[in-house]
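**Q** For this one, chain A is given, so just place chain B on it according to the hints.
First to last, the sequence lines map onto chains A and B. Counting with the working numbering, you get residues 1 to 467 for the letters of the first sequence. Counting with the working numbering, you get residues 1 to 467 for the letters of the second sequence.
Simulated from the structure, these hints should not be mistaken for lab results. Treat the hints with caution; some may be incorrect.
Mimicking DSS-like on lysine-lysine, the simulated pairs with C-alpha atoms at most 25 Å apart in a straight line are [what the hints assert, rightly or not]:
no. : chain 1 : residue 1 : chain 2 : residue 2
1   : B       : K218      : A       : K214
2   : A       : K198      : A       : K218
3   : A       : K363      : A       : K433
4   : A       : K218      : B       : K301
Chain residues, written in single-letter form:
Number of protein chains: 2
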Amino acid sequence: MSTSPPDQETVQPDAAPASVDDYGLSDAQIERAHTAIEAGDITQLEEIAQSLHAADLADLIEELTTDERVILLDTLGGALDPEVLSYLVPAVRQDVIEHIGPKGLAAALSELESDDAVEIFEDLDDDFQQRILTQLPAGYRLVLEEGLAFPEASAGRLMQREVVVVPAGWTVGQTIDFMRSAQDMPDDFYDLFVVDPKHKCQGYVPLSRVLRAKRAAKISEVMETDVRPIPFTMDQEEVAYLFRQYGLVSTPVVDDSGRVIGMITVDDIVHVIDEEAEDDLMKLAGLGESDLYGRVLATAKSRATWLTVNLGTAVLASLVIGLFEATLSQAVALAVLMPIVASMGGNAGMQTLTVAVRALAMKDLSATNAVRFIGKECAVGAFNGVVFAVMTGAVAWLWFGRADIGVIIGLAMIVNMLIAGLSGTLVPLGLEKLKIDPAVASAVFLTTITDVVGFFAFLGLAALFIL
Amino acid sequence: MSTSPPDQETVQPDAAPASVDDYGLSDAQIERAHTAIEAGDITQLEEIAQSLHAADLADLIEELTTDERVILLDTLGGALDPEVLSYLVPAVRQDVIEHIGPKGLAAALSELESDDAVEIFEDLDDDFQQRILTQLPAGYRLVLEEGLAFPEASAGRLMQREVVVVPAGWTVGQTIDFMRSAQDMPDDFYDLFVVDPKHKCQGYVPLSRVLRAKRAAKISEVMETDVRPIPFTMDQEEVAYLFRQYGLVSTPVVDDSGRVIGMITVDDIVHVIDEEAEDDLMKLAGLGESDLYGRVLATAKSRATWLTVNLGTAVLASLVIGLFEATLSQAVALAVLMPIVASMGGNAGMQTLTVAVRALAMKDLSATNAVRFIGKECAVGAFNGVVFAVMTGAVAWLWFGRADIGVIIGLAMIVNMLIAGLSGTLVPLGLEKLKIDPAVASAVFLTTITDVVGFFAFLGLAALFIL
Chain A
1 MSTSPPDQET VQPDAAPASV DDYGLSDAQI ERAHTAIEAG DITQLEEIAQ
51 SLHAADLADL IEELTTDERV ILLDTLGGAL DPEVLSYLVP AVRQDVIEHI
101 GPKGLAAALS ELESDDAVEI FEDLDDDFQQ RILTQLPAGY RLVLEEGLAF
151 PEASAGRLMQ REVVVVPAGW TVGQTIDFMR SAQDMPDDFY DLFVVDPKHK
201 CQGYVPLSRV LRAKRAAKIS EVMETDVRPI PFTMDQEEVA YLFRQYGLVS
251 TPVVDDSGRV IGMITVDDIV HVIDEEAEDD LMKLAGLGES DLYGRVLATA
301 KSRATWLTVN LGTAVLASLV IGLFEATLSQ AVALAVLMPI VASMGGNAGM
351 QTLTVAVRAL AMKDLSATNA VRFIGKECAV GAFNGVVFAV MTGAVAWLWF
401 GRADIGVIIG LAMIVNMLIA GLSGTLVPLG LEKLKIDPAV ASAVFLTTIT
451 DVVGFFAFLG LAALFIL
Chain B
1 MSTSPPDQET VQPDAAPASV DDYGLSDAQI ERAHTAIEAG DITQLEEIAQ
51 SLHAADLADL IEELTTDERV ILLDTLGGAL DPEVLSYLVP AVRQDVIEHI
101 GPKGLAAALS ELESDDAVEI FEDLDDDFQQ RILTQLPAGY RLVLEEGLAF
151 PEASAGRLMQ REVVVVPAGW TVGQTIDFMR SAQDMPDDFY DLFVVDPKHK
201 CQGYVPLSRV LRAKRAAKIS EVMETDVRPI PFTMDQEEVA YLFRQYGLVS
251 TPVVDDSGRV IGMITVDDIV HVIDEEAEDD LMKLAGLGES DLYGRVLATA
301 KSRATWLTVN LGTAVLASLV IGLFEATLSQ AVALAVLMPI VASMGGNAGM
351 QTLTVAVRAL AMKDLSATNA VRFIGKECAV GAFNGVVFAV MTGAVAWLWF
401 GRADIGVIIG LAMIVNMLIA GLSGTLVPLG LEKLKIDPAV ASAVFLTTIT
451 DVVGFFAFLG LAALFIL
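The following block holds chain A by itself, in its conformation from the complex (with noise of 0.2 Å):
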């Protein structure tokens, strides 16, 4: 399409990128890799790693088999970029750290921002910690000690220590001409933080409007003062909530008397953004965590516990079927029909359970408008109930030629929906006034009522009116 000029300063192709294939970690180059590690090419090997981005050889390292992790780490030893460890999934950084043992992990720590290092160590049994910090020069030692001191998921353990601080009484110039000869500053940051002779935040200033600002003015001109500190203790979804509520790029962390301690910066909030909403995904489905990562027996045993729950409420629900096996033995078709009304009312309830828990997660759902919301979802399910008890009555009738038991289906199928609306939204937010965390104990909730309800609605009534 367009030709290629002999210019030889133009690092980018001259046709743009068809699509996210063109970056990161490419079928291509995992294929080398196994290949060269087959081959035992270890100049190919480095060359492969060497090219990619720390996450890329993360994404690499994920995909190697055990033996191979161990032969590529080999080849890399103390070349290995210590950001790879952050990028890494846990399951697999436990492997390689083993590998790398603790006076790697060490030297590799020591490189790393502070949030970063924080967030490796704190996953390492004590016994490893204590190996290590042994190995870390003192003041490196304390701030790793200090992170977790934090309280787990807090503000203080997201946040760097890294932070550019300046007085109010500063000039834009004074401010440039600091920052030019300062040593010591973040790799990344976006805003300044202006606090007042006791370490207090009074605001913040983009960086973008230093650069547009005069020399001559005065931080305290160019500064916004609807700055929101974040105490360190607070938990990192409430933090996640601040960030996409106000669009936040960086915001300072503060301790019990107001002063910067440190700051937080949305790429650290992308990723509790992301384990958020995975715990979400994860926890509706009786999952811990997601293990694509992990070992056959390891993921057996963890579903094996929300399975377990499961029978348990599964015989729960039989036991309702067998108060009716007297009802059962004398018209078979009910046995036929009954999974029908609680499939619906599982469903419909896992419909409303649903949106109760994202917005419950999101802040959407609250004291003030819970009342609301229970209303219209059984004004929803009481709506749904009817349209699909006339549906699954007229199958019924039409199956078994009875217009009695498709009555019947029908009157139970409008109970169990209602519940289901009902139930669909009391059993989250009962749960979350509790403190109970509502994605990892409502579906079990809900299910249970809406199959007791389903059984003991159909047949209740098959037993009241057929016999």
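**A** Leaving out everything else, chain B in the frame of chain A:
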């Protein structure tokens, strides 16, 4: 705890805020708004609205009833911050737009950055769009029309046209002087994009680096060359993947010939990530999108689609049961126990499916590791199948005192959980291959399979060996 010094410049309270509830819209503020509207206290209402960040005001508008909304909007009139429109959920935004009319909306749009304006504009119906275009200045009209010409959910739609580009040959000093004097700069930006004379992207410079470099340094000396320009056609999910993978804060968007035509910033990506996660969650539960703010009838109708599909599959499962009416009438215990097999298979399958759908969305699962994943899931299914076969078999034996039913339910359990592992992987992978979103269609396929296999295996084995 700490004493308050008589320092009038301190804008922050002395004690740090305790939690996220100290920011954002509080229940008390919502209460005050309700009261002010009821009492017709316009001054109070204006005061509340003006004290809120646009995002919080949007939340308040969402909390109000339709009648209350009208009163608030009438009170604010032209003083309504246009940013509020960007923060509203689509259902409520439509209400507000209908109220303020094409003229008011045209005025609001022209105050927004181009990406926000396009996002609001694209949701309007054709007629309304035309009426707004006639109200806009020609230049702005062009921006909107061009924005809409990009494919939906593409980088072109997501980007803002306002972007800062500089030639590689400039010095840092020249660049800063240019920024100080230039008009029409974006509100917020974090990187400068470096272009050649043909406006092609050669690299980028983070603002923090511009600030820290000497004035005499050349841009070409301080720029990073590992820039990843995004073609305007790239899907927003792929853009989000790049931001997440490489921790980007902003990135240039290029046209077919590689020229910079706009940029995407991380705050837009946070919304894409949220949407994406919500999408997967909602689709797995059979919801089009979160309908928290939808009306009863619209909500019931949109959910009925999935419920109708579910009714179809439930009837299919019932047809399978119907094949064994004779068997069932001989041993009612089978009717009591059969939901257990189906339910366990469905749950085990949904666990596998959820991991697969999430991994596909995060690009962690691809052709290269699919076989390993399928093998692992089958192994997990077989392992847990045996474990729960023993447990369920024992329960059935004890309950009905019949060892044969215990053995049969155990065998059916192993079969169904193995099939659950297999279909929990093959169904989403197959749909992905067919370019169908695995989140939307997988769950219904999967539960149909596990229901049908569960009932068929259990009742079929019973028919063979018991009768």
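**Q** Run every hint past the structure and note whether it holds.
**A** Each hint, compared with the structure:
| no. | hint | result |
| --- | --- | --- |
| 1 | K218/B with K214/A | holds, 21 Å |
| 2 | K198/A with K218/A | holds, 19 Å |
| 3 | K363/A with K433/A | holds, 13 Å |
| 4 | K218/A with K301/B | violated, 59 Å |
In terms of the numbered hints stated before, the structure departs from hint 4 and from no other.
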